[in-house]
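The listed protein sequences derive, respectively, from chains F and E.
My numbering applies: residue 1 is where the first sequence begins, and numbers increase by one.
My numbering applies: residue 1001 is where the second sequence begins, and numbers increase by one.
If you are wondering where the hints come from, they were derived from the structure by calculation, not from laboratory data.
Incorrect hints may appear among the rest.
Unchecked claim - Short derived list, chain E residues pointing at chain F, Cβ under 10 Å: (1) Ala-1184; (2) Met-1187; (3) Gly-1257.
All of these numbers come straight from a predicted model, not from anything done at the bench.
Backbone N, C-alpha and C fix where the C-beta goes; we use that ideal spot for every residue, glycine too.
Here are the chains, one letter per residue:
Protein chains: 2
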Amino acid sequence: MNTEVANSKDLYPSRVKSQPEFLERADPVVYGSTEDGPLTAGQLNQFERYGFLILPAFFSQEEIDACNAELVRLKESAATRRRSEAIVEPDCDELRSLFAIHHAEISPFFSEVAQDERIAGMVMQILDSEVYLHQSRVNLKPGFAGKEFYWHSDFETWHVEDGMPRMRAVSCSLLLTDNYEFNAPLMLMPGSHRKYVSCVGETPEDHYLTSLQKQELGIPDKDSLRELVDEHGIVQGEGPAGTLVLFDCNTMHGSNGNITPFPRSNLFFVYNSVWNQLDEPFGQKKYRPEFIASRKYCEPVSQQAVNYSFQ
Amino acid sequence: MNTEVANSKDLYPSRVKSQPEFLERADPVVYGSTEDGPLTAGQLNQFERYGFLILPAFFSQEEIDACNAELVRLKESAATRRRSEAIVEPDCDELRSLFAIHHAEISPFFSEVAQDERIAGMVMQILDSEVYLHQSRVNLKPGFAGKEFYWHSDFETWHVEDGMPRMRAVSCSLLLTDNYEFNAPLMLMPGSHRKYVSCVGETPEDHYLTSLQKQELGIPDKDSLRELVDEHGIVQGEGPAGTLVLFDCNTMHGSNGNITPFPRSNLFFVYNSVWNQLDEPFGQKKYRPEFIASRKYCEPVSQQAVNYSFQ
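The following block holds chain F by itself, in its conformation from the complex (with noise of 0.2 Å):
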């Protein structure tokens, strides 16, 4: 199975055989300990038990100010809308989701913000690891018309596309813009992260293209979703703007559709272990866009403190 592949160590094969399966996670949740770094025992415990941590009134008012008067900025200029990193909702003509959002030549500002020491702390004692940005990128969930994000682990996709070894990636969701239970917010099933679901199906080449304005691969079967929403219920991310969501790779997360008018705006950065940086992908010869995957561009974050105070 999946000869054509180079690398031959995958522990968490999928999209190979013809019945989905749940396969045990291989790796630790967490990596660190309390001595490395700002979160409390509790914290840590909360995360590797559920998979995820919200922290509510992480950014002040005037951080997230500073944060949406970018993504105005953003949103409004024509020549960041033409970047092939800039993701259009396929029903109309707004900004769905711009990528790599931490390199300066697209937004100066959130490349800062990326390199935030009091994110980087929490996620480094979590992996016990230097990171680098392995993926990031502002999603804008308009309102009146936010298409749905099916359930799906980063992780599957990453390992299958991309070629990330192991699981030793934390992602982090910044909410911009209030998060109401009747707005879509991201959805989590916690403790879904200790199991992987080995989808079915084959990635076509350029999957990207169209997975990135609706999933229709690497997505779990019906069934196995049924069984892990029996076992461990879903939570919903809510949260005024300034909260900040902490998830592991592997957790099982989506969203509904949005009708309301709230829009529902977020930052999200993946930051991973620099010991475990992507190899070849496991499902697929050809190597996704540098702005989707980071393989060329892997320093270590540089834990600064941000100044938030202009825009």
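Starting from the known structure of chain F, arrange chain E on it as the hints suggest.
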């Protein structure tokens, strides 16, 4: 404007102008008083003010079990799915709605539930009148793939497409499954029933054939919706199975898509005052089918004690 239409007294014109506008409601919300039925003064006040009333545990578990047994029977009946009253999800084969369940030929059991004295008593009190079933259906929002229902006032459609003259109808939604914050429950805008949003656009012939799957006409513009939400906010009709939601015919409502495994089913009965029977449609010549808008069969409900013990 609208000269082809026979009915000249159009208090609620819609889909005739190029700009949307808000019109004041010309009709009462509550016609009756505490002497006329089971609802308390507080409940009548709530309905008057918010345009809806949520009554948890209105139906017992035994009664809900009986309804769900009938629902399973209808879902699995190939003959039922082939009927013109059956609406199927656009993306998959599952039954989305089945209309006219108050007719014994479609569902002997639901046709009795529609006459339940406990529901009829409240509705007749609100409308201070005998009532008949203007429309009924069972809605099935399947797990994983339930599509959204965009914001709308039912009255706008019933007025323009069916010729319902005035606002003197009440909808009842009986929840057959638990409605959580995350499986896309009914969303209502409290207080929105006191204004009528005159919508933009013309109604094509046989609009109902597509609008029952995806509403695209007779929907309010974004600015009007933003204004309504700014003024009134949004409330979710959450609750366990057995909850009954009563709402005014002009209350703005909708629901998001549902990617969770939890289906969302409800029975939906619309009671119209016998003094408010359908006239010529205000926005088109052709009548919609009887199963969507009762024109011939308008017998007053009998207010019976229903036996839920079989099934």
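How the hints compare with the structure:
Because the closest C-beta pair between Ala-1184 (chain E) and chain F is about 6 Å apart, less than 10 Å, the hint holds. A hinted interface residue such as Met-1187 (chain E) counts as satisfied when its beta carbon comes closer than 10 Å to some beta carbon of chain F; here the least separation is about 6 Å, so the hint holds. The beta carbon of Gly-1257 (chain E) is positioned within 10 Å of a beta carbon in chain F (closest approach about 4 Å), and the interface hint is therefore held.
Checked against the numbered hints above, the structure breaks none of them.
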